[in-house]
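Protein chains: 2
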Amino acid sequence: MRRLLRRFFLGKPLPTKALREERLTNQQALAVFGSDALSSTAYATEEILLVLVGLGTLALSASLPISLAIAGLVVIVALSYREVVHAYPQGGGVYNVAKTNLGETPALLGASSLIIDYILTATVSIAAGVAALTSAFPELFPYRVLIGILGIVLIMWMNLRGARSSGQIFSYPTYFFIAIMLITIGYGFLRFLTGTLPTTPPPVESAEPLQAIGLFILLRAFSAGCTALTGLEAISNGVKAFKSPESVGAAKTMARLAALLIAFLLGITFLAYQMKIVPAQDETVVSQIARTIFDNSPIYYVFQIGTFLILFLAANTPYADFPRLAAMQARDGYWPKQFSNLGSKLVFSQGILALSAVSILLLIVSGGYVHALIPLYAVGVFLGFSLTQLGMIVHDRRMLRAKMDDRRQNVRRLIINSIGFAATTVVFFIVLYSKFFDGAFLILPMIALLFFAMRRVRRYYNNVDKELSISTTQFLNVPSRSILAVVLISKLDRRAVEGARVARGLNPASVCAFHVTFEKEEGDHVKDVWEVLFNDIPIEVRLDEFREITPTILDYFSSVERRWHGKIVAVVPMLVPQQPFREFLHNQTAKRIIEAIRRQSGSNVEIYEVPVRVETGEKV
Amino acid sequence: MRRLLRRFFLGKPLPTKALREERLTNQQALAVFGSDALSSTAYATEEILLVLVGLGTLALSASLPISLAIAGLVVIVALSYREVVHAYPQGGGVYNVAKTNLGETPALLGASSLIIDYILTATVSIAAGVAALTSAFPELFPYRVLIGILGIVLIMWMNLRGARSSGQIFSYPTYFFIAIMLITIGYGFLRFLTGTLPTTPPPVESAEPLQAIGLFILLRAFSAGCTALTGLEAISNGVKAFKSPESVGAAKTMARLAALLIAFLLGITFLAYQMKIVPAQDETVVSQIARTIFDNSPIYYVFQIGTFLILFLAANTPYADFPRLAAMQARDGYWPKQFSNLGSKLVFSQGILALSAVSILLLIVSGGYVHALIPLYAVGVFLGFSLTQLGMIVHDRRMLRAKMDDRRQNVRRLIINSIGFAATTVVFFIVLYSKFFDGAFLILPMIALLFFAMRRVRRYYNNVDKELSISTTQFLNVPSRSILAVVLISKLDRRAVEGARVARGLNPASVCAFHVTFEKEEGDHVKDVWEVLFNDIPIEVRLDEFREITPTILDYFSSVERRWHGKIVAVVPMLVPQQPFREFLHNQTAKRIIEAIRRQSGSNVEIYEVPVRVETGEKV
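Protein sequences appear in the order of chains A and B. If you're matching positions, the first sequence starts at 1 in our numbering and goes up one per residue. If you're matching positions, the second sequence starts at 1 in our numbering and goes up one per residue.
Hints listed in this document are in silico derivations from the structure and should not be mistaken for laboratory results. Yeah, the Cβ is synthetic: ideal placement off N, Cα and C, and Gly gets one too. Treat the hints with caution; some may be incorrect.
Stated by the list, open to error - Label pairs and their in silico Cβ distance ranges: (1) N604(B) with S510(A): 25 to 31 Å; (2) L361(B) with T194(A): 54 to 60 Å; (3) S558(A) with N604(B): 29 to 35 Å.
Stated by the list, open to error - Once the Cα atoms are required to be at most 27 Å apart in a straight line, the calculated DSS-like pairs of lysine-lysine come out as: (4) K591(A) with K466(B); (5) K99(A) with K403(A); (6) K337(A) with K591(B); (7) K591(B) with K567(A); (8) K466(B) with K527(A); (9) K17(A) with K520(B); (10) K12(A) with K591(B); (11) K567(A) with K591(A); (12) K567(A) with K567(B); (13) K337(B) with K591(A); (14) K567(A) with K491(B); (15) K491(A) with K17(B); (16) K240(B) with K12(B); (17) K591(B) with K567(B); (18) K466(B) with K491(A); (19) K337(A) with K466(A); (20) K99(B) with K491(B); (21) K567(B) with K520(A); (22) K240(A) with K520(B); (23) K337(B) with K240(B); (24) K466(A) with K567(A); (25) K466(A) with K567(B); (26) K99(B) with K240(B); (27) K527(A) with K337(B); (28) K527(A) with K466(A); (29) K491(A) with K520(A); (30) K12(B) with K337(B); (31) K520(A) with K240(B); (32) K520(B) with K337(A); (33) K520(B) with K520(A); (34) K520(A) with K337(B); (35) K17(A) with K527(B); (36) K520(B) with K243(A); (37) K243(B) with K12(B); (38) K17(A) with K99(B); (39) K12(A) with K243(A).
Assemble the whole structure, with the sequences as input and the hints as a guide.
See below:
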């Protein structure tokens, strides 16, 4: 049953050797890893204009040089990341680069900031997509949390089905967005060249003259626009998802993504300036541009659909990256081990599930109002950029010293990464400074928390491994000790009988039985009947006034441990129904008892579960 | 740790013999069981007026006779339920009455409709309370689902702490509401008598004359007002919560509750009529009354707070009733057994938790917009009323025939219950008919679903009990079979060594080891090392291409079962960390394997968990 459901939802399991075939083509990879970065062009220009408009509409002209500066930054970052992709074809981005070149602390810092960025991206993208949907259909507004959850479940499901199938399905909307964006910008440009570009009616111009644009405002506008760069690093984390040769494909895709980003950003900013568009409360800047250029024709609605889809799909990029990063860290011991398990469809299912769970939780807690989270993004992203480039500088210098590659190429690489480091570090501080009180200050403790948690998990696993390793084990020749078997009895039925039988079969030095009762009469009855059935097995019945069972049982076992110095085995009969879904009707108490014994520190009681099967499949 | 947290949140556990002391005084019981019924007076009049206003404002005068009819119905129902309380001091209301007198089917029907009513009451009350809060503080609106969840958690927490403490805490707001309601109605009446009762400015009167008020409209208005009766039956379900003599206290409390209900309903309807109040979009009728009577003075806000509190607290009545009903049904086998477990604070914790979980889910799914659910209430409630009275008629006739009591009293009782049955049955059909398309049609399949689920659970438990009973067991003298012990190995460390040691200690006829690998090299390595360490225990290593482990292991065991006809024991080493909260870092795979073996139908493999303790508590 269970297996059939699994097959139905996930499709056929894939053998490990199919891993090569589950890679993405460059086209698919651009869609999977690029949707996050591309989606930010839908609002980056607006973020810049929103800061500038505070100084009056004339100040909006500053948006052009600011966008050019951001485009330059995109070029620098993309060039530096091309080097990352070549040097670290195994992927992992900042985590891997920093781990190899800078040590544990920077690697975990970088990984923490990326992970927080992924979680925010997934949640905010879904919420933004739902917000676009509910502006079009206000009657859906009450159900937006539910719709958001369904959206997350959909993306989760596609990703659980395997990298290739999610790549196939999700590349259509991304290319749809790319196409409609290129058409819009191209057509707008054509109308500009032919002098027919319409302008929006100029709003009532404030009488005040243009104020001097202060440096702080410029920096704020610049760092607001830097949201356009979020997601640019996604490719470097998932190089292994590309078809072989991985680095070549990844570098090529990175270049294409950067070119599209720059074209979209500059195109939109240019058109917005020429059309004298001012950010409005009730309509986005890109929507104003498209609506005006296409004179409200149906193609405008096609554009809106494209924007909606890309905002929604930006949530897919974290699904491509986060599970890979978590798996890499789990192999190094920084995450619970199950995150490194490759699922039946060759994806890291645990990471996909965890990301979905956290996003759903955030969505419920915030009630779907997550716009406040947007400024938080950029801080973590630029911290990651900066650490990556610093790691690459160390890497390049080592290569230079080792005289591994062509010297000229090495020097060129060192220069690129140094410029990248300088630029992204400066921008990191600008973003941190100008957005600190908008909420960026919240990011730092979150990064710290994750950082310390990862480090503790690693230390802990290390110690456990040391303790478990056979070399330190002196147990090999310990003689086996004499066994005391304790049968736990809940009710005098076949379970008790089978428990007694199994206990006797353990070849124990001694057998006894234990029963907890809440009412004296019931306990006396059990004792009487037991003594008739099994006169060779002594039974102890305890009255538990507080009806908590587990403390009574733990208490009993500690008193037994004081008296018996051999091995103690708790024999627990468990009812096994024919149909697994009936489990919830049985064994709730037995499971609690087993958990409690297992968790009791200092105790060495072993647990023997005896399955007692029932064949009943009742007919109504 | 765990136990400390428990003590902190729940307080000291109570011994079973404290059950008597955990009873409620009549005052507390009126608050706990009455809050649902009392809260409905906050909107019952409005529901009547909303139906009538469709015919023009003159039709509103029909509200007075309608309210009188409802008040009469309250008297009838309260009188009949006094008899229920006396005849069934063990509580359980319709379920118990119908089970004893009418048989299984009516009992389950009544219980199902009550349970659905409880779930709706809990969810809708919380949502209504939150709606009142967010109208006062619109900035909280985005967080209303979260606030609702916190509200449910608060009520859940108080109820988990024990009946008495929730009775103590929750009676203050209820009596506060009763007081402010009495003050408002009394002061309004005083102003009416002194001729100073203000009227609201009459709205623009439609020119049309009063239309003939059709029968259907009258019935609709009547059944809309019948929401005032919801919750009236609550006391009969929880008689056991009263201090001894239970029936006397319960009957007295029922009479007081009915008196308050009638006073509030008639008082509000009278004042609304005299003050010419018309239901408005943006303000409730009771709010209009209080605001006008108190001329917007601060006491009006006190009134609003009282209304808010009672709406919120109406959710507490289901918490008093549902767990008791579920426990009673669980003891009869209709619910999973754990619902009958009396928790450490002498409440049925499982029922409290289940009710909270379902309510939270409903709140999330509906996004907090649950006003549409209100018409669904009354159908289930009146079905319960009607079945109870029918059961009582059968009971009374039996008593009459048996000549148990005073004959005159018996006849009086039979008459009361017959009138009750006739009235509630008629009202049930009126409500069903007039609200059918408002959503009442949804209630019937839900009742049917619950009904069949309960019946199936009972049949299933019956069959299992029969199968497990010792009388049918022929196993007592079966000789114990020879054991094959299979050690499951995940990694070659102390766990494997202890597993082998334990397996040898079982005195088995044969021992072997099994390991699943994902990569051939790893498997070969394990095999080589194992053969050096334990040359007497043969090992089998299987390569699992699909990385699913459990199918491979199940497959292995079925092949073993074909070859070995004795007993098979799977020895599973489990890592036990020093601190229980570290569990999630370990054993995820081992637990999955155990579950799978346990659930494999047709297999008889027994499971032996070997705890391998690690002492590590790492320092950072």
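Given the hinted pair K591(B) and K567(B), is their Cα-Cα distance within 27 Å? 22 Å, holds
Taking 27 Å as the top limit, are the C-alpha atoms of K99(A) and K403(A) close enough? Roughly 22 Å between the alpha carbons, so the hint for K99(A) and K403(A) holds.
Keeping to a limit of 27 Å between CA atoms, is the pair of K99(B) and K491(B) held or broken? Roughly 58 Å between the alpha carbons, so the hint for K99(B) and K491(B) is violated.
Decide if the proposed pair is consistent with the structure: K12(B) and K337(B), CA atoms, cutoff 27 Å inclusive. 25 Å, holds
Within 27 Å, alpha carbon to alpha carbon, are K243(B) and K12(B)? Holds, because 22 Å separates the two Cα atoms, which is no more than 27 Å.
When you check the alpha-carbon spacing of K240(B) and K12(B), does it fall within 27 Å? Status holds; Cα separation ~22 Å.
Straight-line Cα separation of K99(B) and K240(B) no greater than 27 Å? 18 Å, holds
Hint check: K491(A) vs K520(A), CA-CA at most 27 Å. Holds or violated? 14 Å, holds
27 Å limit on alpha-carbon distance, applied to hinted pair K527(A) and K337(B): Since the Cα atoms of K527(A) and K337(B) sit roughly 23 Å apart, the hinted pair holds (cutoff 27 Å).
Just to be sure I understand the hint, the distance between the Cβ atoms of N604(B) and S510(A) should be within 25 to 31 Å; is that true here? 26 Å, holds
Starting from K520(B), check that the Cα of K243(A) is at most 27 Å away, please. Answer holds: K520(B) to K243(A) is near 24 Å, not above 27 Å.
Is it true that the CA of K337(A) sits at most 27 Å from the CA of K466(A)? 16 Å, holds
Going down the numbered hints, you'll see the structure goes against 20, 21, 25, 28, 33 and 38, while the others check out.
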